[in-house]
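Engineer: The listed protein sequences derive, respectively, from chains A and B.
Per our numbering, numbering through the first sequence is continuous, rising by one, with the last residue being 478.
Per our numbering, numbering through the second sequence is continuous, rising by one, with the last residue being 638.
Calculated directly from the structure, the hints in this document are not laboratory data.
Honestly, I wouldn't trust all of these hints.
[Said to hold, decoys possible] Straight line, CA to CA, 20 Å or less: simulated DMTMM-like cross-link-like pairs of lysine to aspartate or glutamate:
1) A/K435 with A/E419
2) B/K541 with B/D625
3) B/K580 with A/D459
4) A/K473 with A/D459
5) A/K422 with B/D582
6) B/K594 with B/E576
7) B/K580 with B/E602
8) A/K392 with B/D618
9) A/K465 with B/E553
10) A/K465 with B/D582
11) A/K465 with B/E576
12) A/K465 with B/D625
13) B/K592 with B/D618
14) A/K465 with B/D579
15) A/K392 with A/D432
[Unchecked claim] Derived coverage of chain A by chain B (criterion: at least 3 residues anywhere in the stretch with Cβ under 8 Å from a Cβ of chain B; other residues may be distant):
16) 420–426
17) 469–477
Even glycine gets a Cβ: it sits at the ideal position worked out from N, Cα and C.
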Amino acid sequence: SQQGEEDPQALSIQEGENATMNCSYKTSINNLQWYRQNSGRGLVHLILIRSNEREKHSGRLRVTLDTSKKSSSLLITASRAADTASYFCARRDSGGYQKVTFGTGTKLQVIP
Amino acid sequence: EAQVTQNPRYLITVTGKKLTVTCSQNMNHEYMSWYRQDPGLGLRQIYYSMNVEVTDKGDVPEGYKVSRKEKRNFPLILESPSPNQTSLYFCASIDSGTGRTDTQYFGPGTRLTVL
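Looking at chain B on its own, in the form it has when it is part of the complex (with noise of 0.2 Å):
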């Protein structure tokens, strides 16, 4: 089944604390993102990826870093957690290449509270 899987699906953590959200898609697919989503905001785009090695800033990346080793992989690196960054985070992914019907497909959210 085509999907793209977020761990953990819910965190509580403390200030300072370094975590990391794992992001992991099974279509190939080059394209790659995060956002957060706050209430009143929709959602905003923290980083994305258009292909291994490739990373870009969204909107939103003051506090989070990412890495693209492969192409399945996009984890969300947040090394000194603030209780702002408590917020809904989603992952997804773009069939972006030859033949693409540019449909983003989305992780089931991962839940962030840092205390």
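Looking at chain A on its own, in the form it has when it is part of the complex (with noise of 0.2 Å):
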């Protein structure tokens, strides 16, 4: 498969934690985004970052990239409860052929 790998696969911890979720792929890549998606619903975007970028910031999120490693790493600071849902990483690969890979996700489960 080419998808991506995530990980952990899930998950869980306090509020007020950091939670970090991984992201590795294989190919070059044009760009990579973070979303989040609550329970079967749709995907709300949260960060994009670019090849040549190697961090970004968004409020509590940080996201890195490390383009040598082919990872990325999202970062979500003083984890709140409605922090809850699915988080996923999703590459864009780079040259003609531009698909869209998203990895498995990462299940997190902030506790009150």
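Using the supplied hints, reconstruct the complex from the two chains, each of which is provided in its own coordinate frame.
Structural biologist: In structure tokens form, the structure reads like this:
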């Protein structure tokens, strides 16, 4: 399968703690995006990081990208119960065939 | 309001009965895509289109057809649905033109059951 690998598959933390999710891939990418999905509903775009960027922030979210290791991580700081959701990374390949490939996701549970 | 719409949202059908799921975006995006989501497998891309009359296969195109005759619409066609196509389907578009953000916008999803 060409799907990205995400770990952990599931993560349970207490409210206020930080949550880190990792995403690895094997191809050359144009960009990598992180999404949140609440229980089978639509996906919400969180952050996009381009292949020439190393780190991006948005509120309590921090994304890093290491193209030499072909990996990315999403850090959620000071987690809240409302952050409980599944998180997916998605890479857009570079070159002429610009497929988008999602990872299998990390299911995050934040316990109040 | 900028959005991607899909219809129908829910559909129960029988094996072999042709169906079309419509997708429309009002953001003038060039790139559009269809995904299916199955438990434990995340989202898998079925087909994508980088512009009008330009479509290409994603990772799981078997049993599906698409067309892109105009920029805003990208229908997904199941000529002869089978039970293994029971899934949650998402349409999406990407802001990929000049001055692009590359942000991908998703529709609300279509839950399809094939009996």
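Engineer: Next step is simple, just say for each hint if it's right about the structure.
Structural biologist: Checked hints:
1. Distance restraint check for A/K435 and A/E419: the Cα-Cα separation of roughly 14 Å lies within the 20 Å cut-off, and the hinted pair is therefore satisfied.
2. For the hint linking B/K541 to B/D625, the alpha-carbon distance of about 33 Å lies beyond 20 Å, and the restraint is violated.
3. Restraint check for B/K580 and A/D459: satisfied, since their Cα atoms lie roughly 14 Å apart, inside the 20 Å limit.
4. A threshold of 20 Å between alpha carbons decides the hint, and for A/K473 with A/D459 the separation of about 25 Å lies outside it, so the pair is violated.
5. Restraint check: the Cα-Cα separation between A/K422 and B/D582 comes to about 29 Å, which exceeds 20 Å; the hinted pair is violated.
6. Between B/K594 and B/E576, the direct Cα distance comes to roughly 9 Å. Compliance with the 20 Å bound is thereby established for this hinted pair.
7. A C-alpha spacing of about 16 Å is found between B/K580 and B/E602, which places the hinted pair at or below 20 Å, so the restraint holds.
8. Straight-line distance between C-alpha atoms of A/K392 and B/D618 comes to about 25 Å, which puts the hinted pair past the 20 Å bound.
9. For the hint pairing A/K465 with B/E553, the CA-to-CA distance comes to about 14 Å; that is within 20 Å, so the pair holds.
10. As the CA atoms of A/K465 and B/D582 are separated by approximately 8 Å, the hinted pair is consistent with the 20 Å bound.
11. For the hint pairing A/K465 with B/E576, the CA-to-CA distance comes to about 17 Å; that is within 20 Å, so the pair holds.
12. Between A/K465 and B/D625, the direct Cα distance comes to roughly 13 Å. Compliance with the 20 Å bound is thereby established for this hinted pair.
13. Distance hint between B/K592 and B/D618 is fulfilled; the C-alpha atoms sit about 19 Å from each other, no more than 20 Å.
14. The suggested pairing of A/K465 with B/D579 holds, with an alpha-carbon distance near 9 Å, which does not exceed 20 Å.
15. At most 20 Å may separate the alpha-carbon atoms for a hinted pair to count; A/K392 and A/D432 meet this at roughly 12 Å.
16. Judged by the Cβ-Cβ criterion of 8 Å, the stretch 420–426 of chain A is not covered by chain B as claimed, because only 0 of its residues qualify and three are needed.
17. For the stretch 469–477 of chain A, the stated coverage by chain B holds: 3 residues have a C-beta nearer than 8 Å to a C-beta of that chain, and at least 3 were required.
Going through the hint list in order, the structure does not satisfy hints 2, 4, 5, 8 and 16.
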